[in-house]
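Based on the provided sequences and hints, a complete structural model is requested.
Those protein sequence lines, which keep their order, are chains A and B. Note that numbering that gives the first Met the number 0 numbers the first sequence so that position 79 is 78, with each residue one more than the last. Note that numbering that gives the first Met the number 0 numbers the second sequence so that position 48 is 47, with each residue one more than the last.
If you are wondering where the hints come from, they were derived from the structure by calculation, not from laboratory data. The model shown is predicted, which means the values in this text are computed figures rather than measured ones. Watch out, some of these pointers could steer you wrong.
[To be verified] Restraint-style ranges between C-beta atoms, simulated for each label pair:
| hint | chain 1 | residue 1 | chain 2 | residue 2 | range |
| --- | --- | --- | --- | --- | --- |
| 1 | A | GLU177 | B | ARG18 | 41 to 47 Å |
| 2 | A | VAL165 | B | ALA214 | 35 to 41 Å |
| 3 | A | SER131 | B | LEU205 | 41 to 47 Å |
| 4 | A | GLY11 | B | ALA214 | 18 to 24 Å |
| 5 | A | GLU22 | B | PHE27 | 55 to 61 Å |
| 6 | A | ASP70 | B | GLU2 | 14 to 20 Å |
| 7 | B | ARG9 | A | GLU112 | 21 to 27 Å |
| 8 | B | ARG9 | A | GLY11 | 51 to 57 Å |
| 9 | B | ILE31 | A | ASP5 | 55 to 61 Å |
[As the list claims (entries may be wrong)] Covered by chain A, per the in silico footprint, the following chain B stretches (three or more residues, Cβ under 8 Å):
| hint | stretch |
| --- | --- |
| 10 | 8 to 16 |
| 11 | 75 to 89 |
[As the list claims (entries may be wrong)] Covered, in the sense of this in silico footprint (three residues per stretch, anywhere, with C-beta under 8 Å from a C-beta of chain B), are these stretches of chain A:
| hint | stretch |
| --- | --- |
| 12 | 11 to 23 |
| 13 | 86 to 92 |
| 14 | 100 to 110 |
Don't be surprised by glycine CBs; every beta carbon is placed ideally from N, CA and C.
Okay, here's what each chain looks like letter by letter:
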Amino acid sequence: MLEVIDLECVRGDRRLFTGLSFELNPGELLHLHGHNGSGKTTLMRAVCGLIYPTAGKVLWKGEESRRLGDDFNRDLVYVGHKNGIKDDLNGSENLRIASVLDGVPISEQQAWEALAKLGLRGHEDLPTRVLSQGQKRRVSLARLLVHRAPLWILDEPFTALDSAAVELLQSVIREHVERGGMVILTTHQEVSLTRGHERQLRLGWKEDGDV
Amino acid sequence: MFESFLVVVRRDLTLAMRRRSDVFSTLFFFVIVVSLFPLGIGPELNTLRLIAPGVVWVAALLASMLALERLFATDFDDGTLEQMLLAPQPMFIMVLAKVTAHWLVTGVPLVLMAPLLGLQYDLNTEALGVLLVSLLLGTPALSLIGAIGAALTIGLRGGGVLVSLLVLPLCIPVLIFGAGAVEANISGLGEQGHLSMMGAILVISLLLAPLATTAALRVSAE
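This is the structure in structure tokens:
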């Protein structure tokens, strides 16, 4: 279970949010809303531990995530704005390297299956440099299929994807939530996600920390 | 843990092999700089023998600076760096792996090329041997120390010059003992003391530089 207590982040000289608290239980999805620059990405990066929050803390299973260190990282997948793949490596190489670093090594076969599932059959051995934006995004998202971490933090996962891929990703997220996983995501697109287990969090200057 | 070390080393070597121009630009920079001095100074063997250790070492230092900028910058740009920071692996190991790969790609070619270039300066076989050993001990230390500067300057515009300004002063001890070892050998004093100091510098930077680099990366990746 993820708990965020009294989080405050300041970027530059602007206070993005203060006194922000929420909790996320297994089988729940948190959908972050907010206009551009309202601090959605900052919040996600602070929860991951990539940014030091000015105040407040993030608890994972009752313990401070920063103190848990690698034990927290093992339970987390983060897909950010940047795809996190190397242009000169092909899809399966990218995926297999990521899987070793994530601590769940996969075989060549599994990598190809995951990529095929995301509609990249026939592109597995091309350097990702020659792929389109949407295809690169798919390679990056293939990590979600091979990783067994309970907490997914997805920053605009649907950008550059076509409608078929959006559909597929939605079903992957839905399955994950139904299995008891936790998801935090932002998107500006209208998407239908899990009904019932979805919670919304709105960020904006006027309603600081309003849940 | 060891597996992740190997994976990162292999990844960076594969990337270097697919972008060979980066590797060769460092090596050719070194070759050209070292070769320019005999041309500029003239074939006066006594002078050349005198300046050889210093010239080769300064050239090696500058060549290794040249490649530093790209050490973390490309990983930062495509987001693989933040994935490494979030991976459940000790960052110390990953930094060590990245520096190892960087040294294999940019340092080792310099070490192997140096004796050949030393011939232009009329160094004898023994002095060439010492030059090789001193570079073998010194270039990994340069990569390790340079990694701190590279980590601090990712995401900055004009980072390349800044890296050199930050790192070159820190490399002075390596330069003094590296060139000193060869000079000591030529003058018949024995190179043992200098080489031992270089070994000590290498061990210390091996232990401390990855820690500093990790801290710098966490700050820069924010």
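Each hint tested on the structure:
Between A/GLU177 and B/ARG18, the C-beta spacing of about 43 Å keeps the proposed range 41 to 47 Å intact. Hint check: A/VAL165 to B/ALA214, Cβ distance near 40 Å, so the stated range 35 to 41 Å holds. In this structure the hint that A/SER131 and B/LEU205 lie 41 to 47 Å apart at CB holds, the actual value being about 43 Å. Against the hinted window of 18 to 24 Å, the Cβ-Cβ separation of A/GLY11 and B/ALA214 comes to about 22 Å, which satisfies the hint.
Look at A/GLU22 against B/PHE27: about 58 Å separates their beta carbons, and that is inside 55 to 61 Å. The supplied range of 14 to 20 Å is met by A/ASP70 and B/GLU2, whose beta-carbon atoms lie about 18 Å from each other. Under the hint 21 to 27 Å, the C-beta atoms of B/ARG9 and A/GLU112, about 23 Å apart, fit the expected range. Between B/ARG9 and A/GLY11 the C-beta distance comes to about 40 Å, which lies outside the given range of 51 to 57 Å.
The hint said 55 to 61 Å for the Cβ distance between B/ILE31 and A/ASP5, and at roughly 59 Å that hint holds. Under a criterion of three residues with beta carbons nearer than 8 Å to beta carbons of chain A, the stated coverage of the stretch 8 to 16 of chain B is upheld, 3 such residues being counted. Only when three residues or more bring their CB closer than 8 Å to a CB of chain A does the claim for the stretch 75 to 89 of chain B stand; here the count is 13, and the claim holds. Only residues whose C-beta sits within less than 8 Å of a C-beta in chain B count toward coverage, and the stretch 11 to 23 of chain A has 0 of them, not enough to reach three; the restraint is violated.
For the stretch 86 to 92 of chain A, the proposed coverage by chain B is satisfied: 4 residues have a C-beta within less than 8 Å of a C-beta in that chain, meeting the threshold of three. As drawn, the stretch 100 to 110 of chain A meets chain B at 4 residues by the rule of a beta-carbon pair under 8 Å; at three or more, the given contact holds.
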